[in-house]
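From just these sequences and the hints, can you work out the full model?
369 is the number that our numbering gives to position 369 of the sequence shown; each next residue is one higher, with no gaps.
Check before you lean on any hint, since a few could be wrong.
With a straight-line cut-off of 20 Å between C-alpha atoms, the simulated DMTMM-like cross-links for lysine to aspartate or glutamate are [said to hold, decoys possible]:
| id | residue 1 | residue 2 |
| --- | --- | --- |
| 1 | 111 | 143 |
| 2 | 145 | 91 |
| 3 | 145 | 199 |
| 4 | 111 | 82 |
| 5 | 149 | 91 |
| 6 | 145 | 71 |
| 7 | 50 | 82 |
| 8 | 145 | 168 |
| 9 | 171 | 272 |
| 10 | 149 | 127 |
| 11 | 171 | 356 |
| 12 | 50 | 127 |
| 13 | 50 | 63 |
| 14 | 111 | 91 |
| 15 | 111 | 153 |
| 16 | 50 | 106 |
| 17 | 145 | 116 |
| 18 | 149 | 71 |
| 19 | 111 | 79 |
Simulated restraints on C-beta separations [said to hold, decoys possible]:
| id | residue 1 | residue 2 | range |
| --- | --- | --- | --- |
| 20 | 313 | 65 | 32 to 38 Å |
| 21 | 93 | 231 | 50 to 56 Å |
| 22 | 91 | 242 | 39 to 45 Å |
| 23 | 86 | 66 | 24 to 30 Å |
In short, the hints are calculated from the structure, not lab data. Idealized CB from N, CA, C, for every residue including glycine.
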Amino acid sequence: MNRIGVIVQAEFLRRIRSRPFLIGTALGALSIVITTILPLVIAQSPGESKRIILIGPPRVTAEIRTLIAADYHTVATFEHLDAAPNLALLDAHNAGDAVVVTRDRDGLRAKVYARDSTSFGGAFARDVAPLQIALATGLHVSDVKRHLKFPVDVIDVAGRFASVQSADAAKGVAFLFIILLYVAILINAQVIMSSVAEEKTSRIAEVLVATVDPAQLLAAKVIASGVTGFVQLLVWVLAGAVSADVIVSFAPHTATAASTATATVISTSPLEIASFIAFFLLGFAQYSVLYAAAASLISKTEDLGAVAGPVLIPVVIGFVVAGFAIAAPANPWIIAASQFPLLAPFVMFGRIAVSDVPAWQIVSSLAINVFAAVALAFGAGRVYRVGLLMYGRLPSARQVWNALRA
Numbered sequence: 001m002n003r004i005g006v007i008v009q010a011e012f013l014r015r016i017r018s019r020p021f022l023i024g025t026a027l028g029a030l031s032i033v034i035t036t037i038l039p040l041v042i043a044q045s046p047g048e049s050k051r052i053i054l055i056g057p058p059r060v061t062a063e064i065r066t067l068i069a070a071d072y073h074t075v076a077t078f079e080h081l082d083a084a085p086n087l088a089l090l091d092a093h094n095a096g097d098a099v100v101v102t103r104d105r106d107g108l109r110a111k112v113y114a115r116d117s118t119s120f121g122g123a124f125a126r127d128v129a130p131l132q133i134a135l136a137t138g139l140h141v142s143d144v145k146r147h148l149k150f151p152v153d154v155i156d157v158a159g160r161f162a163s164v165q166s167a168d169a170a171k172g173v174a175f176l177f178i179i180l181l182y183v184a185i186l187i188n189a190q191v192i193m194s195s196v197a198e199e200k201t202s203r204i205a206e207v208l209v210a211t212v213d214p215a216q217l218l219a220a221k222v223i224a225s226g227v228t229g230f231v232q233l234l235v236w237v238l239a240g241a242v243s244a245d246v247i248v249s250f251a252p253h254t255a256t257a258a259s260t261a262t263a264t265v266i267s268t269s270p271l272e273i274a275s276f277i278a279f280f281l282l283g284f285a286q287y288s289v290l291y292a293a294a295a296s297l298i299s300k301t302e303d304l305g306a307v308a309g310p311v312l313i314p315v316v317i318g319f320v321v322a323g324f325a326i327a328a329p330a331n332p333w334i335i336a337a338s339q340f341p342l343l344a345p346f347v348m349f350g351r352i353a354v355s356d357v358p359a360w361q362i363v364s365s366l367a368i369n370v371f372a373a374v375a376l377a378f379g380a381g382r383v384y385r386v387g388l389l390m391y392g393r394l395p396s397a398r399q400v401w402n403a404l405r406a
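Have a look at this one:
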């Protein structure tokens, strides 16, 4: 076995057996399961802001109670109170809000006594609107509700999604995958950085470079970290798929965005999976060599923050732009960003997940980013070679440039 293979195997086994890796992988999987299931649990359990007390004429409150049943749970009704509703009344009925409804010549009017004024949404006014119209026109409430329904069928002429719900679910899944991509790249690239910094500050690097070419050492570290990162990512994706399958099995009739979105994870297209893997590897390769080169420049671990900051900026920008890519995948600026190195691993995947990206754009993005990864590895290797044996102050920009030109 060649030297790179030996270093890769040793680094991989050391990392995958380490307690931080095992704990981080387990906590990540648990977080994904909780994130997947929690929205469904919250949706099925009405919060305090959904429990209200209705106060007003019995005939009016009876109609309102029926109209708002889908959004609010009426815990008590009163025809009138001797004093204005207060916190003691809400506590006595375990309610979030008290709604006093009055009727005058202009129709219905509501005054809300809220436990938390920011929690009372606009659903109440929307639900009661048919009754307001019925009182003004003399029509029956059921007739008003029937005429208020305005069916709109959205047809995807590109044939990508069967419905708006499917499109929204795809956006949710895409954003989840981008978060996983962001976390996996960032965590594993920083692990490489910490490893390089530890070896340099402990002077182990001097022993290593005496027997192994620095470029081979860098390549082995990136490969080993990439494999462990991919294993970690696979565990997280499987955790999300299993939890989604549990939701579909136990709540097949629950029409919530959470159940719809998570169910879509299971039916992710092969193109999305392939692009996710490809852009994860490209992004990981690009950022790993940059982080390793940056870490080789420090002489003490306290300097890690100073060199890590500039490398972190494109990661954050890529993550933010990917959010815009999900919302507007055909925007010219988004298309340009999906070709740009360091940003493309996030942005192009976001576009692929929610739209039909022309094949030439995917191919060109892959080609540009493969070339960029090779160029970054070449430049980072030179900095890494010089930086491992450089001690003292952080090197100046001129010294880094000279290392690249060497």
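Checked hints:
| no. | hint | result |
| --- | --- | --- |
| 1 | 111 to 143 | violated, 27 Å |
| 2 | 145 to 91 | violated, 34 Å |
| 3 | 145 to 199 | violated, 71 Å |
| 4 | 111 to 82 | holds, 16 Å |
| 5 | 149 to 91 | violated, 37 Å |
| 6 | 145 to 71 | holds, 16 Å |
| 7 | 50 to 82 | violated, 25 Å |
| 8 | 145 to 168 | violated, 27 Å |
| 9 | 171 to 272 | holds, 12 Å |
| 10 | 149 to 127 | holds, 12 Å |
| 11 | 171 to 356 | holds, 13 Å |
| 12 | 50 to 127 | holds, 13 Å |
| 13 | 50 to 63 | holds, 18 Å |
| 14 | 111 to 91 | holds, 19 Å |
| 15 | 111 to 153 | violated, 37 Å |
| 16 | 50 to 106 | violated, 27 Å |
| 17 | 145 to 116 | violated, 30 Å |
| 18 | 149 to 71 | holds, 17 Å |
| 19 | 111 to 79 | holds, 14 Å |
| 20 | 313 to 65: 32 to 38 Å | violated, 54 Å |
| 21 | 93 to 231: 50 to 56 Å | holds, 53 Å |
| 22 | 91 to 242: 39 to 45 Å | holds, 41 Å |
| 23 | 86 to 66: 24 to 30 Å | holds, 27 Å |
In summary, the numbered hints that this structure violates are 1, 2, 3, 5, 7, 8, 15, 16, 17 and 20.
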